Amino acid sequence: MSDPATQPVRLDIDGLIATLTINRPEARNAMSLEILDGMHSVIDKLAHSETTVLVITGTGRAFCAGMDLKAVLIELSGDASVGKQLLTSLAELTLKIRNLHQVTVASVNGAAIGGGCGLTCVCDVAISHPDAKLGFPEVDLGICPAVIAPWVVRKLGPGVARRALLMGGIMSGQEGHYIGLIDYLAESREGLNTLTDSVAKRLANGGPKALSATKKLLNAIDGSENDKLVRKGAEISATVLATPEAQAALKARLK
Amino acid sequence: MSESMVSVSYQDRLAIVSLNRPDKRNAMLPSMLEELQQRIIECSTQAQALVILGEGKVFCAGFDLKRCAQDPSGQIMSQLLTGLSAVVQTLRSLEIPVVLGIHGAAVAGGCAMLGGADIVVADQHCKLGYPVVKIGVSPAVSAAFMMASVSHGTVRTRLLDTQLISGTEAKRIGLVHEVVEDIELVRSKSIQIATGLANKPRSAISSTKAWLNEITNPMAQNAQQGLDVSVSLTGSHEEQERLATLWG
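Chains as they are written, first to last, in this note's numbering: chain Y, -2 to 252; chain P, 11 to 258.
Mixed in with the good hints, there may be bad ones.
[Said to hold, decoys possible] Under the rule of at most 20 Å between Cα atoms (straight-line distance), these lysine to aspartate or glutamate pairs were calculated in the EDC-like manner: (1) K130(Y) - E187(Y); (2) K206(Y) - E248(P); (3) K144(P) - E47(Y); (4) K206(Y) - D238(P); (5) K213(Y) - D41(Y); (6) K213(Y) - E248(P); (7) K206(Y) - E251(P); (8) K144(P) - D194(Y); (9) K252(Y) - D137(Y).
Just so you know, the hints here were simulated from the structure itself, not pulled from any lab data.
If you're wondering where the values come from, they're calculated on a predicted model, not measured in any experiment.
Assemble the whole structure, with the sequences as input and the hints as a guide.
So, in structure tokens, the structure goes:
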């Protein structure tokens, strides 16, 4: 048994509530292949669990800084296929999370950037605090947020999502709350855990059948069952990522 | 002849239909929804805009759960869900615009009425929400209509979480369009907005409304599916047990 504190992705279960913690604080919980593999295996376990609520959060100051940029810079990794692997894995992970019978809650403890913000959008409920940094700066880095775009559109509505994805940049938790990216806002970073606990407990009071039937119906009618869209998004993102323009912009950012 | 639970009045070009069971916070019964459906259809041919309001302290507290708890077959719950879905669909398909004025509380079935409205007016402290999963009922019946107006993320949170929200918060998420400071102002504000709509060229309004319905049709087409999901849980062990805990 390895020490839970050093596992890249942790799973804790307390009654009906499961908590997945991304545990790579030294890299602001960025999604490497190892992190994504760890998340896949936790989500696979939960598909057969009697828990009714899943909270997703991160260790340290960040929730999830998005894709591991060092891994997708071909010059550094020496492997042009890593970017596509990461994007494909992220696509499949978001589909799995959406299909869980549990109601999912993103407890956004800090920065949720790019894919990390996409992860927030795929959850049923998002909670954060006014100082969290959120957003989709993909276009600023020459890359295309296609893989997460379907989830962003479903979370924010078509009009707001278009603005958020095309204009890039970063917003505060406060702004995220105003546009509907964050459903509940704690007064401060310190208050986030208490608020998350109370929301998770309230959700767990729901009838398990009523919750899962409602979630399934929502997935059916908002297009979430359209796996092809997200997979096609991963291909588009991968194609753009491999272009000289994107690689040059990423290289400049990492310097 | 049972007592009427819906009242109708006319004011200039407006028809005003009110839920009228104030001693029960306008809690819905199957007969009330049937009557509401009939009155809406009748008056829509005689007015250029429709206002829907509630008499008494609140707009509507939802289904009459006491009656539901006394019916182990789940039949009353099923009739209520079906009747409510029909009313919302009728409101949406009317040629004339619909202004819904909610005050005090519009909860569960009362909140589902928003799905049929073109414009919703609320007082700032009005309580809104769909807290029905706690009684083992699925609010799926409302999902299709909500998705045709607000973001899908908002729909997800509001239908899965039992937390009630204020009129002010409902405006922020796009569920309510106009907020007034005081309960007393809901009626006059609703009438003012409906009068403005009624005074516009009728064909421009009706064709615009029809086009908006068509654009959001992929969502509204799922109305039947949502109703089926909600009805499928009626009479279930989970629902009966939870209703009995509240009302038994």
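For each hint, the structure was consulted:
1. K130(Y) - E187(Y): Holds - the C-alpha atoms of E187(Y) and K130(Y) are around 15 Å apart, at most 20 Å.
2. K206(Y) - E248(P): holds (8 Å)
3. K144(P) - E47(Y): holds (17 Å)
4. K206(Y) - D238(P): Status holds; Cα separation ~15 Å.
5. K213(Y) - D41(Y): holds (18 Å)
6. K213(Y) - E248(P): holds (18 Å)
7. K206(Y) - E251(P): The given pair, whose Cα atoms are some 13 Å apart, holds under the 20 Å limit.
8. K144(P) - D194(Y): The given pair, whose Cα atoms are some 18 Å apart, holds under the 20 Å limit.
9. K252(Y) - D137(Y): holds (15 Å)
In summary, this structure violates none of the numbered hints.
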